[in-house]
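Q: Residue numbers (this note's numbering), protein chains in the order written: chain A, 1 to 95; chain B, 1 to 495.
A portion of the hints provided could be inaccurate.
Stated by the list, open to error - Covered stretches of chain B, going by a simulated chain A footprint (3 or more residues, C-beta under 8 Å):
hint	segment
1	313-320
2	323-331
3	351-361
4	373-381
Since the hints were derived computationally from the structure, they do not count as laboratory data. The structure presented is a predicted model; accordingly, all values stated were derived computationally and were not measured. Glycine included, C-beta positions come from ideal geometry on N, C-alpha and C.
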Amino acid sequence: MSISKEEVIYVAKLAALELKDDEVSKTIKELNEILGTIDDLQSISTLGVEPTSHVHGSVNAFRDDIIQDSLSNEQIAKIAPDFENGFFKVPKIIT
Amino acid sequence: MNNTELTSLSAAKMREHLLKGDFTSEELCIAHLERIDKTNSRFNSFLSVLSESALRQAQSADAILSKGGDKTPLLTGIPIAIKDNLLVLDTETTAGSKILKGFVAPYDATVIGKLKKSGVVIIGKTNLDEFAMGSSTENSAFGPTKNPWNEERIPGGSSGGSAAAVSLGQAPLALGTDTGGSIRQPAGLSGVLGIKPTYGRVSRYGVIAYASSLDQVGHFARTVEDLATVLDVISGADSKDATSMPIVVPNFSQELAKPVSLRGLRVGVPKQYFIEGMESEVESTIRKSLEVLKSLGATIVDISLPNTKHALAAYYVLAPAEASSNLSRYDGVRYGPRHRSESLSEMYAMTRADGFGSEVKRRILVGTYMLSKGYFDAYYIKAQSVRTLIINDFKAAFNNHCDVIATPVSPRCAWKIGDRSASPLEMYLEDVFTVPTNLAGLPAISVPAGLNSLGLPIGLQLIAPAFEELRLLTTSKAFLEEQPFKQDLPSTRNF
Numbered sequence: 001m002s003i004s005k006e007e008v009i010y011v012a013k014l015a016a017l018e019l020k021d022d023e024v025s026k027t028i029k030e031l032n033e034i035l036g037t038i039d040d041l042q043s044i045s046t047l048g049v050e051p052t053s054h055v056h057g058s059v060n061a062f063r064d065d066i067i068q069d070s071l072s073n074e075q076i077a078k079i080a081p082d083f084e085n086g087f088f089k090v091p092k093i094i095t
Numbered sequence: 001m002n003n004t005e006l007t008s009l010s011a012a013k014m015r016e017h018l019l020k021g022d023f024t025s026e027e028l029c030i031a032h033l034e035r036i037d038k039t040n041s042r043f044n045s046f047l048s049v050l051s052e053s054a055l056r057q058a059q060s061a062d063a064i065l066s067k068g069g070d071k072t073p074l075l076t077g078i079p080i081a082i083k084d085n086l087l088v089l090d091t092e093t094t095a096g097s098k099i100l101k102g103f104v105a106p107y108d109a110t111v112i113g114k115l116k117k118s119g120v121v122i123i124g125k126t127n128l129d130e131f132a133m134g135s136s137t138e139n140s141a142f143g144p145t146k147n148p149w150n151e152e153r154i155p156g157g158s159s160g161g162s163a164a165a166v167s168l169g170q171a172p173l174a175l176g177t178d179t180g181g182s183i184r185q186p187a188g189l190s191g192v193l194g195i196k197p198t199y200g201r202v203s204r205y206g207v208i209a210y211a212s213s214l215d216q217v218g219h220f221a222r223t224v225e226d227l228a229t230v231l232d233v234i235s236g237a238d239s240k241d242a243t244s245m246p247i248v249v250p251n252f253s254q255e256l257a258k259p260v261s262l263r264g265l266r267v268g269v270p271k272q273y274f275i276e277g278m279e280s281e282v283e284s285t286i287r288k289s290l291e292v293l294k295s296l297g298a299t300i301v302d303i304s305l306p307n308t309k310h311a312l313a314a315y316y317v318l319a320p321a322e323a324s325s326n327l328s329r330y331d332g333v334r335y336g337p338r339h340r341s342e343s344l345s346e347m348y349a350m351t352r353a354d355g356f357g358s359e360v361k362r363r364i365l366v367g368t369y370m371l372s373k374g375y376f377d378a379y380y381i382k383a384q385s386v387r388t389l390i391i392n393d394f395k396a397a398f399n400n401h402c403d404v405i406a407t408p409v410s411p412r413c414a415w416k417i418g419d420r421s422a423s424p425l426e427m428y429l430e431d432v433f434t435v436p437t438n439l440a441g442l443p444a445i446s447v448p449a450g451l452n453s454l455g456l457p458i459g460l461q462l463i464a465p466a467f468e469e470l471r472l473l474t475t476s477k478a479f480l481e482e483q484p485f486k487q488d489l490p491s492t493r494n495f
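Just chain A, same shape as in the assembly:
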């Protein structure tokens, strides 16, 4: 399976990663190399094999629905790029 230029640009958009023009062709080449080796997976028979998501089969690790401590606004203000009155300030969404 090989990836096209349009697909790379689309995927970059999905991943919110701006690719410069000169990066695109290098990226296509590298991704195709990687995808080439991964394609072997298709030939493996996995009929009747359950996919593994947690390696020990752990499911539904619940906790009690109680309020717990989180970070304070003071702590957040120290590390946030732009924080005011409990809000993270960001630029407008311009379409």
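Got chain A; can you put chain B on it based on the hints?
A: This is chain B only, laid out in the frame that chain A set:
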């Protein structure tokens, strides 16, 4: 005792001296800070050295030791280095990336909290491949770390800084993380012990996530005893990590102190781990190690793990896919440097484009592609099914044929900086012996087994069934007692 002699001691020996009053933890801390000062610009193992807070911790440790003596935790006053993808409160935590440059952790990772309760002295944060993606530490945004045995070569990765720190005597202990081999491989290449516990044995809370179903916190040391001491402290289920497992934690140190015999131990040797292209000296050293185990009473059993050849492909689907999800949080909104922009979407795209290195971008793109509509079943679900096959291979081997599995850690010894950077794929192949264990979630250790003719270390990997870390510790202890690794260690050298 001069500085070098002091810093080359094991943590256990340091403790003996502290209890006897031969030196204080403050003096021990200063000795290590001096060692780091002398060697860090050369080897670049530390991204940040926490002199002030370390000295304060050492002073507290001295107070605790004077009051409690041998009733105090074993790690009281002992320096430890922390890989920079673990959050340590009020320290800069970068994950080796520009996108977190200047990010100061607002809380401690669970394992850090546990270590602090045990009285450690956190001496600094170590270098790593960016977001733990890599096998050489060359992907760090802050320069590569050099191999303590040969400065032109890589120490391995992604926990190269931690491996080098312990190898150099900059700290007797260091934490790392292992997703595809990132503790074991640098341990092997840098000539120290490194352990990756069973998935779920150690909390991942406060660990900067790369691939959540594969990541595990582990550590480095120069003796098996020290490895057990740290494992005792960091192990245990955590309500803040939903993937951690409520399995009883043995007292590893206590069990390890008992007499060890390998009589009757069945050591499985999988034929799939002796491949073409492997360095011949690596193969011969591993085979020699098997003879050592045999001489100690173990039985060598040939086994087959038939799906090993699919492990790399499965890993390079699952890990990038999970990474693409985990790294989507780095958007300049809540923390880290922000690329100022007129529009939100440009802010995201430029912050990420500026902040991430090329390997990270590559994996995010591959991962995003494989999770996208139309490809999810073919890639992600398929890889998860292949993962089941790999898990079953190990289960069958352990149920029917062997108690531990022995393999090389890496197909080759440390290579020269820059040698593998040309092709991402070539770099991925370095993980071939370590990745299957992460897919299966099993515990594994790298034990120094010898040097090649260039004087570069070779690691023996031992793999055990889930939650059987003790078996790894006892086998390694017996092995190293029979074949000590003492050849001109960098930790004993004056730099």
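Q: Of all the hints numbered above, which does this structure not satisfy? Sort the numbers upward.
A: Structure breaks no hint.
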